[in-house]
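Undergrad: This is what each chain is made of:
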Amino acid sequence: MHLKWDEFFVTGDPLILGAQISIALTSIAIVFVLTYFKKWKWLWKEWLTSVDHKKLGIMYILAAVIMFFRGGVDGLMMRAQLALPNNTFLDSNHYNEIFTTHGTIMILFMAMPFLIGLINVVVPLQIGARDVAFPYLNNLSFWTFMVGAMLFNISFVIGGSPSAGWTSYMPLAGNDFSPGPGQNYYLLGLQIAGIGTLMTGINFMVTILKMRTKGMTLMRMPMFTWTTLITSVIIVFAFPVLTVALALMTFDRLFGSAFFTLEAGGMPMLWANLFWIWGHPEVYIVILPAFGIFSEIFATFSRKQLFGYKAMVVSIVAISVLSFLVWVHHFFTMGNSAAVNSFFSITTMAISVPTGVKIFNWLFTMYRGRISFTSPMLWALGFIPNFVIGGVTGVMLAMAAADYQYHNTYFLVSHFHYVLIAGTVFACFAGLVFWYPKMFGYKLNERIGKWFFWVFMIGFNICFFPQYFLGLQGMPRRIYTYGPEDGWTALNFISTIGAFMMGVGFIILCYNIYYSWRHAKREVSGDSWGEGRTLDWATSSAIPPHYNFAALPEVTTPDAFHHWKQNNVDVHPEKEFKKIHMPHNSGRPLIMSAFFGLGAFGLVFEWYWIGVIGLIGVFATMILRSFEYDDGYYIPVEEVIETEKKNKEAQK
Amino acid sequence: MAGKTHSSAEHEHFPWKHVVGFILSIVLTILAFWIAIGAEIGSSAKLWIIFGFAFIQAFLQLFMFMHMTESENGTVQVGNTLFGLFCAIIFVIGSVWIFAAHYSHGENSKDGYSPSAPKQSEHSEK
Amino acid sequence: MGHNDSSYANAPLEYQSETGRLNILGFWIFLGAEIVLFSTLFATYFVLHGRTAGGVLPAELFDMKLVLIMTFLLLVSSFTCGIAVHEMRRGSTKGVVIWTILTLLLGAGFVGFEIYEFFHYVHEGASIHTSAYWSAFFVLLGTHGLHVSIGIFWITGVLFQIKKRGLTPQTASKIFISSLYWHFLDVVWIFIFTAVYLIGLGGLL
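Protein chains in written order, with full-length UniProt numbering: chain D, 1 to 652; chain F, 1 to 126; chain A, 1 to 205.
None of the hints are false.
Straight-line distance between alpha carbons at most 30 Å, and here's what the computed DSSO-like set of lysine-lysine pairs gives: (1) Lys304/D / Lys214/D; (2) Lys17/F / Lys163/A; (3) Lys17/F / Lys210/D; (4) Lys17/F / Lys65/A; (5) Lys65/A / Lys46/F; (6) Lys646/D / Lys579/D.
Just so you know, the hints here were simulated from the structure itself, not pulled from any lab data.
Let the sequences and hints guide you as you build the complete structure.
TA: Shown next as structure tokens:
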């Protein structure tokens, strides 16, 4: 690559210059604050090297919220550009970069870490375990995600962003039409982050299968744990496809192979095929945990056991199998035979059935329950109608012949935003509020939280509902402007207003986080909402002790904690405590991930020696790990007794 | 299918499973080579046979060499492998099926090759 | 931590620690992911089959003798690997080391022949740049070969640990897991010689 050094930093755009300056100032401010308060050692010891699932979960969620800001600003810029015809706020290339980073960040660096963060915090508690099966690997998963995300994010200030869409089709994403480092950032950032996700999938499969507490059979697990198990299965079998697809495109761009090229027999459409073989299961990876979160919330705030537990389990298993059989619906219009399109049309329509079953089960859970309209419940209630709108438009799109009208118009854009936002994003917010006291020991303010809900949900509908009609009126997606003669102006303008309302909602959330940190009452009980049904609410303090449970609980029913409360069973009996074995923290995963990042950065700019150094570093850290026989440490029984006594006293 | 983790008979004895597995693998390999290159039958039949042998040999090795069903996790291990194979078959056959229609389109027709080109095209050329 | 290890006292050594048991299960699941990884490379290979852009054809370059040698090297190495685990279950550290070294030598032989094969093809005008078909060939075979090479280094590292610490539940589970990896690579090779070489040499597609 003939990179000119004066093109290394992106220049010439005031928005980007503003971002570069903000990043520099923020970084300096963070370094200053940490140094002034002498918190470097604390940060390293307590957080960065932690193998504790609760802390890793919080770090994932913090990163996700920051990425939501970045992805959201991308979205707002797009809507600002499209509010009026022939607008000049963004030129076409900048617009392309922004929709690319918006999509990639929101799905891979916001939704995934948010959900994985909640999974990390909650699932080991729900199954009555002390941590996940592979805590060291868990830390590595987090850092590979961080490095992948940072690599992707740095693109717009160093070298230039990718601009071929989050789907990155060939030949647009090849060297001829996308020269420069931008597209390489996409390939390598996602590759590294994908490694971490695969490891998370394996980690939680083993954790849930092998580390459930005594008496907790599979059919007594909380529904969020079930969805995590199935999501982990999908991750394990889908992510390797992405690994290969990204690698093949990387070879095309860097080493001159001919997989997806226009010459030498390559097939550009093969990229689309491989991408969507992964891409479709990916959307189920982001929606199944959301279904699990809502299952917990509906049951808790209807004060009723989840309706149709067995049907829920069967439906998520069915969804996971079918999710590998529908991928062609993402490219019905690419020239497949009628037989191929028909087959995938049928499978796509079939996959909506189990989801429909779940919607009815949630409604039946609420029926004859005693409902509390807390803000997590509001998000769950908002999810039902809005997600269903997204779902039924999905069935419209599933009909291959009809899809020729809808494909790549704003109808499609609206469909996927309805399912992703009303499904995944609402669940992320709901889960954050619901488990906030478990993470931080106090609740977010309910009043402010309700404002957040209403402003965001109404803004969301104002933004995206008109887009169905824009699509039906023929507006294609991924266009940076349109003419007044198209007749799309009014709906676009309204849509932009809705987008900014969502932005206001996000600001309300940030304010709530600050406000609650300052003013919220600190809690002592592990049962923060008073209505907890599952073991995550059965901890001896609001924030669980780092070993989670002093004595691993024994369960006999589903909704075990609720059952104990109903039957006056002592949740924290005076058992004979024993010393508790815990794993040591480790800085090696962070270092290994740094080598991944270094090597990848080198490959982005085709500086192969740096790539080699990075690779050597990765292997060296792996070898060091193999030769390490550290077996962790024991928390002495006196400390356990002391902690439990203190927690019990505080609740009197 | 989920075998217990007690010591199997091979603990002190001759490794029968391995020897049998090894010999059968050799036989299947040689047979497959002979059929593919030497036999006087149609290509289609050969493909079915050699892939059949491949799957048989793969399962042989999974059971005989890798102790797939052993231990309290035997069921999970087998189920996991089967699901992996299920996905593998779908991805390979699905991709080949999808692209079968595309070899005669546009740029691709210049290549002059199509693995199973239908005699008449399935839909009209533009 | 967790289950009572004494209930596993009669199990093979690699299953006697909880870490060992979890690692073995985790590795089987990882192998499921590897099945999918290789299947994606196979799907790519089949879709790009025959797309040689007027360049050199595989049937012109494939050599049956070479393929048979490579296949038998890997198959025998899978057998010797199995015997190494058998020796481990018999409690013989010496047996483990000898049969594992044999496995690694056979594996190195396999890799050596494959490198020779690749250089030969490139010399004859078939490289990763030449055409889509050859890109698919080199990446499928190369990924497998890279896995074997990494395995050789990994198992060598484990051998050093055996030398230092003898056969313990931890070292036993490492030998067992690396043997799973090694066997798996031979299973993948079964499909490679069938899908790539038998089809190519027999003109079946």
